[in-house]
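Participant: Please arrange chain L on chain H, whose structure you already have, making use of the hints.
Letter by letter, the chains look like this.
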Amino acid sequence: MRNAIVVREGLRGEVVERRRRGFWSSLRGKQALAGYLFLLPNLLGFLTFSLFPMAASLFLTFTDWDLASTPKLVGLANFSRMMNDDLFRKTLFNTFYYTFVAVPTGVFMAFCLALLINRKMRGVLIFRLIYFLPNITLMVAAAIVWQWIYQPEFGLVNYLLSLIGIEGPRWCYDSRWAMPAIIIMSNWHGIGYAMLIFLAGLQGIPAELYEAAIVDGASGWQQLRHITVPLLSPATFFVIVTSLIGASQGFDQFYIMTHGGPAFSTTTLVLYIFNNGFQYFKMGYASSMAAVLFVVILVMTLVQMRVAKSWVYGFEA
Amino acid sequence: MGVVSVKPEERGRALISFQMGKRRGKQIGDILTWIVLVSGSVIFVLPFLWMVSSSLKPLREIYVFPPRFIPEKIQLGNYIETWRRLPFHIFFRNSFLVSTCVTGGILFTSSLAGYSFARLRYPGRDQIFLIYGSTMMVPFAVQMIPLFALMNALHLVDTLTGLILPGLCGAWGTFLMRQFMLTIPGELEDAALIDGCNYFSIYWRIILPLCRPVLATLAIFTFMGSWNSFLWPLILISSMKNRTLPLGLAAFQAFVALKTPWHLVMAASVMSVIPVVVIFILGQKYYVQGIVTTGLKGTA
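Here the protein sequences line up with chains H and L, keeping their order.
The numbers in the working numbering rise by one with no breaks, and the one at position 304 of the first sequence is 304.
The numbers in the working numbering rise by one with no breaks, and the one at position 73 of the second sequence is 1073.
Pulled out of the complex, with its shape left as it was, chain H reads as follows (with noise of 0.2 Å):
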């Protein structure tokens, strides 16, 4: 029995062996040695094919390399190349013009959408499965599909625009259109699993508050606004939080259904890195607008992370 008590402060690591053992062979080393070996298979793998290539990453920022060549140091060349490359800037926008359209307008439909689904009736089920149903296809395969849905002259869109007489831009091969024709085809594909999050959100929230709120006499629009917006927040967060790291980071469908055009309207900063890095070899230059990229990812996600507590329900940083 004592023996046992012993054994079981030993596994909390509380209590300081004594006896003059080897630090492997005493139960804490056992332990020990356990935990480095169940680590390894993953830790060998993160190593290898995740910090590895980041690190290196990191150095090839200074450098000028076209792949076969030894790697030339350049300073801080690439980035006040990057101040002068028009085409890096224009990327950039694109990139903020992609994000800052499709989430906010990606989110607020889905939040709505949770919001009529959540209501108890019957066929809600089949809803969900329909507005789901766009996240598990292949990205590729439904950008191919919006494409022919976007073509100007048999396509679809247009032709449903052309019952209500308008006449419809040529979408993808316009480019002031081709950005927003990708915004409406991303959140076709995307709105499914924010809502999901949201439909989860929502359940949570318990009943007893609305009927406390009823009570109190207030209307739908009072409810919504003081007992589920607040106490959605943290699943509003989430949602933002990772929708705007994916979107930066948006390359698929822009890959597929401009190629980044027409006249570079749709090349992201994903792209851009792509094309610098694989189809001219500029290995450095690729590297440091990836470390850019990085740097807007992980300022937009601390600048969240420092609004959060303003408007999150519970939120503790």
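Hints are computed from structural coordinates only; laboratory data are not their basis.
A couple of the hints might just be wrong.
As the list claims (entries may be wrong) - In the BS3-like style, the derived pairs of lysine-lysine whose C-alpha atoms are separated by at most 30 Å in a straight line are: (1) K1026(L) x K120(H); (2) K1285(L) x K120(H); (3) K72(H) x K90(H).
Bear in mind that the values here come from a model prediction, so they are computed numbers and not experimental data.
Facilitator: Chain L alone, transformed into the frame defined by chain H:
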């Protein structure tokens, strides 16, 4: 303040009268909700219908204005024609092979490391975990160039192995497993230790069976993620025989860029969508649950 002053029976009466008064309001609200949801659904389903309908049309019906949803002549031969032009069975096989290996690898390495982080004490554990966590925000664009160089050095460019290897371990899965394992009470393991179990049998016989739901979630997410993956295969793979499904689709689209035979491209898209839909319907419970757990508990 208001709630405090209301007596219980008054409160009940208010609720009942409110609900009776509200019944008509609710019906109207339900009808409006239905109208909005149904019209929204039409918009969401339309691309799928358009895809299937286009995939069944002969070419001359594709380039017709106004378009018809139901083809005059249903042409199933489009699917065979698509298959004849490109080896879709190879794309499917490659995608399946890569996704299965990656999923298996992730389940194995993440659950082991998750157990290590959640349950065992050793020097440096928390520091290592911190490093894992801090890499989760690094975009793939940062890693892809050195990763390609690494694969080049290992002579793994244009191989399926090169696609699989970087996917075998990940910070996200490790994080998910650790968080779940932290919620399992420790008494069971203590008892097992006293009974002379070693750490591996504790992991294998006690922890893993309890982790079944989170393993299922991780498996589905990883499989779908790998199945969808486009950028890394695009960088690494060049030969037709090593293409995964998204690459094959993209190649088909690029291959026929001029006067695109949309009926064939749509047939290819339909074929690529079907397996995922089947997997989703089979694993829907875990998938939805997974979104909920990763989405809501991720913030806590």
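Participant: Against this structure, judge whether each hint is valid.
Facilitator: Structure-based check of each hint:
no.	hint	in the structure
1	K1026(L) x K120(H)	holds, 10 Å
2	K1285(L) x K120(H)	holds, 20 Å
3	K72(H) x K90(H)	holds, 27 Å
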